[in-house]
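A.B. asks: Going down the list, the protein sequences come from chains A and B.
First residue of the first sequence: 1, per my numbering; consecutive thereafter.
First residue of the second sequence: 1, per my numbering; consecutive thereafter.
Simulated from the structure, these hints should not be mistaken for laboratory data.
One or more hints might be untrue.
25 Å max Cα-Cα, derived DMTMM-like pairs, lysine to aspartate or glutamate [as the list claims (entries may be wrong)]:
| no. | chain 1 | residue 1 | chain 2 | residue 2 |
| --- | --- | --- | --- | --- |
| 1 | B | Lys277 | A | Asp37 |
| 2 | B | Lys310 | A | Asp37 |
| 3 | B | Lys186 | B | Glu6 |
| 4 | B | Lys308 | A | Glu45 |
| 5 | B | Lys201 | B | Glu242 |
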Amino acid sequence: MVDWGEVTMVAVSGIVSVFAVLIILNIAVSITGSVLDSITKKQSEKQSG
Amino acid sequence: MDQIIEVFSNVGLMQLTIGHVAMWLIAFVLLYLAIKKGVEPLLLLPIAFGIFATNFPGTGLLDEGGLFYIFYNYGIANELIPPLIFLGLGAMTDFGPVLSNPKTLLLGAAAQLGVYAAFFGAILIGFTAQEAATIGIIGGADGPTSIYLAANLAPHLLGTVAVAAYSYMALVPIIIPPVAKLLTTKKEREMIMYMVRTPSKTERIIFPILISIVIMLLVPMAAPLIAMFALGNLFMESGVVERLTGVSRDALMNIVTIFLGVGVGSTMTAQTFLNPKTLGVFAMGVVAFAVATAGGVLIAKLMNLFVKNKVNPLIGAAGVSAVPMAARVVQNMGMEANPQNYLLMHAMGPNVAGVIGTAVAAGAFIAALG
């Protein structure tokens, strides 16, 4: 006898984990990119100024 | 006289069964596909020979201490080889497209919906939750992850799942186009994408550390695969350990591929393969692939409703992993719709994100069902 409640919980927790990980990575990568871009921009402004 | 009869009764020929011969035929079909048709030969050839050699009676290859027993138990059951393959994959994966356009990570997640659709489907046709999870992961189109999960949750299905996963990966050019075409208009397929930005070397070095932190904190059971994947990528991106990068993606990868293939093949005896469950695995494998493709395309279309820089929905289909074949199929479909359309680099984003997504899905299954 299949326990559909448990099966659904396994699937939902899995889908949430996958999306959570990749959404957080998306945000982290975007922030890292922006921070590094602004550091590079400031450095080049300093050098040219 | 008794001694002579005993000697002859121990000869393999006297113990040969129809099941053994049937497995040889299956091995020959796989050898044909690998050698003549070029279907995933690096894996299918050693798997096929492993099946062939295992299915001889009285060889002791699978008995405790036997050669194939050692390959399987110390390499696969102990979960050593799949993470080593991930080390090599990390050392050859360029995350540039993901860093350039991070929202493509979501398309890698969307394609995992196929894993869960097949998980439900497999339970509906009578598999246990552990078996269903192992079958569902075929939809991730990632061989080492499928083998890793099967070794953890359903070792009796390992050979079947591995053969199904690698066979369907070779069928990506046949499975993806009809599903992706059905869900997109010609206008959508024609859409040209432009490179958003070029990631710096520092970003490339930070990324493997970032994925380690995020994934190992949120889904610790995915750590063996992700840690080695990140290490391999760090080898490559750091640029200071070229020897380690080279050995990870060439020599080590090739050596462990031999052990993996033979080890997987050795699990496929007549008893484990010639049963109705095998048909169920192959049937659900197609469902997993088709839904994974559809999931990626549909989420790409949904994403386009909210973002400024729209994506060609076809690249969502590359979220099924199968690196880089799925991205190449997307590239061909894009060019077919518009000869000026170069989607390969854009499709590589969801493609490599799919590898991460599948490893996370496997870790979540192990945490819930292991």
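A.B. asks: Next, verify each hint and record whether it holds.
C.D. replies: Now for the hints, and whether the structure bears them out:
1. Distance check on the hinted pair: Lys277 of chain B and Asp37 of chain A sit about 54 Å apart at the alpha-carbon level, beyond 25 Å; violated.
2. Annotation: proposed proximity of Lys310 of chain B to Asp37 of chain A holds, straight-line Cα distance about 22 Å (limit 25 Å).
3. Taking the CA atoms of Lys186 of chain B and Glu6 of chain B, the gap is about 72 Å. The hint is violated against a cut of 25 Å.
4. For the hint pairing Lys308 of chain B with Glu45 of chain A, the CA-to-CA distance comes to about 29 Å; that exceeds 25 Å, so the pair is violated.
5. A threshold of 25 Å between alpha carbons decides the hint, and for Lys201 of chain B with Glu242 of chain B the separation of about 16 Å falls inside it, so the pair holds.
The structure shown violates the earlier hints numbered 1, 3, 4.
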